[in-house]
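K.L.:
Okay, here's what each chain looks like letter by letter:
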Amino acid sequence: MKKLLDDPAEAVTDALQGLAAAHPDLLTVHHEPTYVQRAGGTPPGHVGVVSGGGSGHEPLHTGFVGSGMLDAAVPGAVFTSPTADQVAAALKAADGGAGVLAIVKNYTGDVLNFETAVELAQLDGVEVASVLVNDDVAVEDSMYTAGRRGVAGTLFVEKVAGAAAARGDSLEAVAGLARRAVGRVRTMGVALSACTVPHVGRPSFDLPDDEVEIGIGIHGEPGRHRIPAGGARDIATRLVDAVLDDLAPAGGEQVLLFVNGMGGTPLSELYGTYARAREVVEARGVRVVRSLVGSYVTSLEMQGASVTVAVLDDELTALWDAPVRTPALTW
Amino acid sequence: MKKLLDDPAEAVTDALQGLAAAHPDLLTVHHEPTYVQRAGGTPPGHVGVVSGGGSGHEPLHTGFVGSGMLDAAVPGAVFTSPTADQVAAALKAADGGAGVLAIVKNYTGDVLNFETAVELAQLDGVEVASVLVNDDVAVEDSMYTAGRRGVAGTLFVEKVAGAAAARGDSLEAVAGLARRAVGRVRTMGVALSACTVPHVGRPSFDLPDDEVEIGIGIHGEPGRHRIPAGGARDIATRLVDAVLDDLAPAGGEQVLLFVNGMGGTPLSELYGTYARAREVVEARGVRVVRSLVGSYVTSLEMQGASVTVAVLDDELTALWDAPVRTPALTW
Amino acid sequence: MVTALDADWAVRWVRCAAADVRTHRDELTELDRLIGDGDHGVNLDRGFTAVVARLDGPDGTRLATVGQVLQLVATTLMSTVGGAAGPLYGTAFLHASRVTDRPVLDAAGVLALVEAAGEGIASRGHAVPGNKTMVDAWHAAVEAAGPVVTAGDALAVLRAAADGAAAGALATIPMTATKGRASYLGERSAGTQDPGACSTALVLAAAVEAAQAADAS
Amino acid sequence: MVTALDADWAVRWVRCAAADVRTHRDELTELDRLIGDGDHGVNLDRGFTAVVARLDGPDGTRLATVGQVLQLVATTLMSTVGGAAGPLYGTAFLHASRVTDRPVLDAAGVLALVEAAGEGIASRGHAVPGNKTMVDAWHAAVEAAGPVVTAGDALAVLRAAADGAAAGALATIPMTATKGRASYLGERSAGTQDPGACSTALVLAAAVEAAQAADAS
Ligand SMILES: Nc1ncnc2c1ncn2[C@@H]1O[C@H](COP(=O)(O)OP(=O)(O)O)[C@@H](O)[C@H]1O
Ligand SMILES: Nc1ncnc2c1ncn2[C@@H]1O[C@H](COP(=O)(O)OP(=O)(O)O)[C@@H](O)[C@H]1O
Ligand SMILES: [Mg+2]
Ligand SMILES: [Mg+2]
Ligand SMILES: [Mg+2]
Ligand SMILES: [Mg+2]
Chain A
30 MKKLLDDPAE AVTDALQGLA AAHPDLLTVH HEPTYVQRAG GTPPGHVGVV
80 SGGGSGHEPL HTGFVGSGML DAAVPGAVFT SPTADQVAAA LKAADGGAGV
130 LAIVKNYTGD VLNFETAVEL AQLDGVEVAS VLVNDDVAVE DSMYTAGRRG
180 VAGTLFVEKV AGAAAARGDS LEAVAGLARR AVGRVRTMGV ALSACTVPHV
230 GRPSFDLPDD EVEIGIGIHG EPGRHRIPAG GARDIATRLV DAVLDDLAPA
280 GGEQVLLFVN GMGGTPLSEL YGTYARAREV VEARGVRVVR SLVGSYVTSL
330 EMQGASVTVA VLDDELTALW DAPVRTPALT W
Chain B
30 MKKLLDDPAE AVTDALQGLA AAHPDLLTVH HEPTYVQRAG GTPPGHVGVV
80 SGGGSGHEPL HTGFVGSGML DAAVPGAVFT SPTADQVAAA LKAADGGAGV
130 LAIVKNYTGD VLNFETAVEL AQLDGVEVAS VLVNDDVAVE DSMYTAGRRG
180 VAGTLFVEKV AGAAAARGDS LEAVAGLARR AVGRVRTMGV ALSACTVPHV
230 GRPSFDLPDD EVEIGIGIHG EPGRHRIPAG GARDIATRLV DAVLDDLAPA
280 GGEQVLLFVN GMGGTPLSEL YGTYARAREV VEARGVRVVR SLVGSYVTSL
330 EMQGASVTVA VLDDELTALW DAPVRTPALT W
Chain C
1253 MVTALDADWA VRWVRCAAAD VRTHRDELTE LDRLIGDGDH GVNLDRGFTA
1303 VVARLDGPDG TRLATVGQVL QLVATTLMST VGGAAGPLYG TAFLHASRVT
1353 DRPVLDAAGV LALVEAAGEG IASRGHAVPG NKTMVDAWHA AVEAAGPVVT
1403 AGDALAVLRA AADGAAAGAL ATIPMTATKG RASYLGERSA GTQDPGACST
1453 ALVLAAAVEA AQAADAS
Chain D
1253 MVTALDADWA VRWVRCAAAD VRTHRDELTE LDRLIGDGDH GVNLDRGFTA
1303 VVARLDGPDG TRLATVGQVL QLVATTLMST VGGAAGPLYG TAFLHASRVT
1353 DRPVLDAAGV LALVEAAGEG IASRGHAVPG NKTMVDAWHA AVEAAGPVVT
1403 AGDALAVLRA AADGAAAGAL ATIPMTATKG RASYLGERSA GTQDPGACST
1453 ALVLAAAVEA AQAADAS
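Chains as they are written, first to last, in the working numbering: chain A, 30 to 360; chain B, 30 to 360; chain C, 1253 to 1469; chain D, 1253 to 1469.
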């Protein structure tokens, strides 16, 4: 394992130090407990939007702190949910008097720690609503699993909620829009290589040279099954089909198509995959009206990608288009 | 080799198809010969700013086409300079009546093809000025080399030139500012792993697990020497020292510090490296007033990073801060 | 025969557990790498290291009851471990501390401790035996310890619980996970021991170790 | 003895060169991987494939002089190869076409062809012998071919040029590059043959092959 790191135990702290130093206009980093807050705090009277989870998915979530998206983000250790007291501190800090929305990716660790944190913040008089993101169609949502994971679709939910909060919506309204976003976004991913967690020092799974993992999450966990390594067209077709089979669009819908890199995939491959994915989406009678291509919800240096489709309506489109200024997403 | 590609010979075209489909508001892609042009073309009366080079460095250059940066970009095959007729077509297309600035990275292939292209465009009555970017301090600029390479500092030159053109500067003024930018920007890079050119199918060099290449370029070429793999602090110190020794700041200068990923490096490692690099820069009495952290000038999926320092003055700072709207850089 | 276990035992337990977690950190992490996300050993090691640091600090000097020790463990794990294991182990020790707030535990007290811990985890994680989680180990511990309590030997109860946990952890190997990250793997999760069940067995074995040290002294 | 080479020979030359470049594509690319950026074989293969496609198309039917064939090669390489090799080989064939615009070349004409090509490359790339570039092969070709021309055998001149190029290419192995990408490696460039010099030797050997086919027929 070779990485641009010093002590693996300090890797998260070191990265946060750099984030704070590079973006003093956008955010500040708090310590003991650790969380990242928007510079200047939540505007008074606005709903605070908070998310968090294990590190290793950068820019998610810390890179989305700023105006128009997250008011605070809580990074845990690599691939490890933050602790409840970290999350509680961020929830309290992000309260601008109109309450706070907690956006939680559906993992046992995140759910348990956010649950406790919400109770702690509420004890301190902060009004908190939660929304659970579970966009990963690779996992069957059945009694035999912990339920679908929250993956790249989280970006869409955070953007929509942040924009709703920025225009002054109430906590109930922001939470409602975030839930609407969750209901309309689906993702499926593929890994060409595993990633190496710094303190583990070896790849998170072993993958032969001629196979890819279909249905991976974003924690270096293996996927649902392996298939022979096909080309971009083959993979894009599998991912889009899985996503659209689940969304079951009637046809004629307008969608956001988001091709996300897992961290180690060149941008050119993501654009090539986007081209293939778009062909498949449009062949099913769905219109792509918004696009995002890049490495936004990653698994360290994993090679691979995910395809996310979000079904838009006029309001969600307007919220997606609304101005945003964060280290990783700006328009 | 596993990549999200279909036919390696079509990889550049496939990525361009995706780029065009994802950003119709920002750019269009022309074929036969291939170049990328800003949507709507160069505003009449404005200087056109054009760059190009081999593919595999995305988002450089095609991802910087839009308003406030490049009016056209010319992608060659992977790591292969585009042909002269491609470049000539882009130069002609980017002429808004006020002439065109060609920004050329200093590689024999780029220089030769741009030279011919400039002659061809001038034959067609287009006024063209050229500026050669050679920011890589890893290469000694002596009679024993082809001269210093153009690497990540190219982004700074393109941003400055694009902003100058956008405010209506003359060709002479835009070229002068671009040359001033070239004179004040220096870069040094490190590779932790090699990259694999799609049609080659094997890594561009072989690097033992406990060594890193110092002084790499952006074409998967080996560096000047190998050193035992140290941590982020060790590497950042070496890179910053090489850059600042060359720039020889008197102290008190205001600089842009740009930590660039080579394609396969997680963003968190880039921020950690930025934190270390900034400490070293500031310990030498130089003030970091602008920052950029991300994978902007890449070598496919290579793991590694480069550190770029640009010495700012009021005008260069204003041009850096000026609005830009491109697929990869927007503010 | 050890009829009673006190706060000193609890402190020794926690120190033993911390040492054992450190020793087996990479094994736990490897199990989690195979069917989870490869951090379980590191998570617990970070937490127990923090616990020992607090025991060595001013907080460690005022611990008069078993419950006080366990409460310190609970709050420290909750604020340092993160992940699923943090709140789960935290809740286990918190619930256990509530039924052990006295200077000395007898055999029935030990059983109550193990029961409260196991129930805490099950209620927090909504898991039942057979889901291939640490609940399988805790459940087996309680089942094994129950019948032994009438003999009145606190160490024997503890030993039965630890042996039960070890057996319960091994029994997770063939299971297909239906809770936690391993459930994402579906049938591919079968064949590997659940990391949380394995750490549970470690932690309960450390309790026995600590009690044996008392017995010998 | 072959006293004259015509446009048909030039067409055969180009086809032979294309086939040989294809056959040795991966070797050329591997040399370039070692001291450059690993694309030389692919670049030339793309270019010569395009040349053959044009020869097979309508453009290929109206070629009456050697110069016309070489001009088609020049413009096609310039617009399809890219990199350093595109303009360099393009200029070589362009300059060569200017001195060969007649139906048949004698021994002196062959020498003029090789000289013009070599000079074209040297002037375009500002390289001199010893820089470890294709100039080393072209220069050695000209040096070897010059003395043979008085005998009047066009094939012998070509053969001397090709043998010279091969020797010149081998001579680049110990050199430290001071032009092109390999110069970035400094002394680490020594020990590997220059890819462009190697392809030069291939291309000139193809010219001999094509002339021998004429001789036999
Ligand atoms: N719902 C649950 N109930 C009980 N135990 C669980 C549950 N989910 C996970 N676990 C336990 O947690 C362990 C994983 O802990 P750890 O790796 O530290 O956290 P994470 O899964 O967040 O990375 C599993 O091996 C399992 O024993
Ligand atoms: N300045 C130069 N003059 C002559 N030949 C050169 C020069 N620079 C490079 N070359 C030749 O070009 C070859 C490399 O070609 P190629 O790999 O196709 O282009 P690139 O270097 O742009 O990738 C080198 O092996 C060398 O023979
Ligand atoms: Mg975890
Ligand atoms: Mg090249
Ligand atoms: Mg885990
Ligand atoms: Mg090359």
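You may find that some hints are simply not true.
EDC-like, lysine to aspartate or glutamate: derived pairs with alpha carbons at most 16 Å apart [as the list claims (entries may be wrong)]:
#1 A:K121 to A:E148
#2 A:K121 to A:E156
#3 B:K31 to A:E144
#4 B:K31 to B:E61
#5 B:K121 to B:E169
#6 B:K121 to B:E156
#7 A:K31 to B:E61
#8 A:K31 to B:E156
#9 B:K31 to A:D153
#10 B:K31 to A:E240
#11 B:K31 to A:E156
#12 B:K121 to B:E61
#13 B:K31 to A:D263
#14 A:K121 to A:D153
#15 A:K31 to B:D239
#16 A:K31 to B:D153
#17 A:K31 to B:E144
#18 A:K121 to A:E144
Okay, the calculated bits of chain C under chain A, using three or more residues with CB under 8 Å as the criterion [unchecked claim]:
#19 1269–1277
#20 1314–1326
#21 1395–1406
#22 1436–1445
Calculated directly from the structure, the hints in this document are not laboratory data.
Think of the CB as a built atom: it goes at the ideal place given N, C-alpha and C, for glycine as much as any other residue.
K.L.:
It remains to establish, for every hint, whether it holds in the given structure.
P.N.:
Now the hints, each set against the structure:
no.	hint	result
1	A:K121 to A:E148	11 Å, holds
2	A:K121 to A:E156	9 Å, holds
3	B:K31 to A:E144	41 Å, violated
4	B:K31 to B:E61	29 Å, violated
5	B:K121 to B:E169	35 Å, violated
6	B:K121 to B:E156	9 Å, holds
7	A:K31 to B:E61	42 Å, violated
8	A:K31 to B:E156	49 Å, violated
9	B:K31 to A:D153	52 Å, violated
10	B:K31 to A:E240	9 Å, holds
11	B:K31 to A:E156	49 Å, violated
12	B:K121 to B:E61	14 Å, holds
13	B:K31 to A:D263	13 Å, holds
14	A:K121 to A:D153	8 Å, holds
15	A:K31 to B:D239	7 Å, holds
16	A:K31 to B:D153	52 Å, violated
17	A:K31 to B:E144	41 Å, violated
18	A:K121 to A:E144	14 Å, holds
19	1269–1277	violated (count 0)
20	1314–1326	violated (count 0)
21	1395–1406	violated (count 0)
22	1436–1445	holds (count 4)
The structure shown violates the earlier hints numbered 3, 4, 5, 7, 8, 9, 11, 16, 17, 19, 20 and 21.
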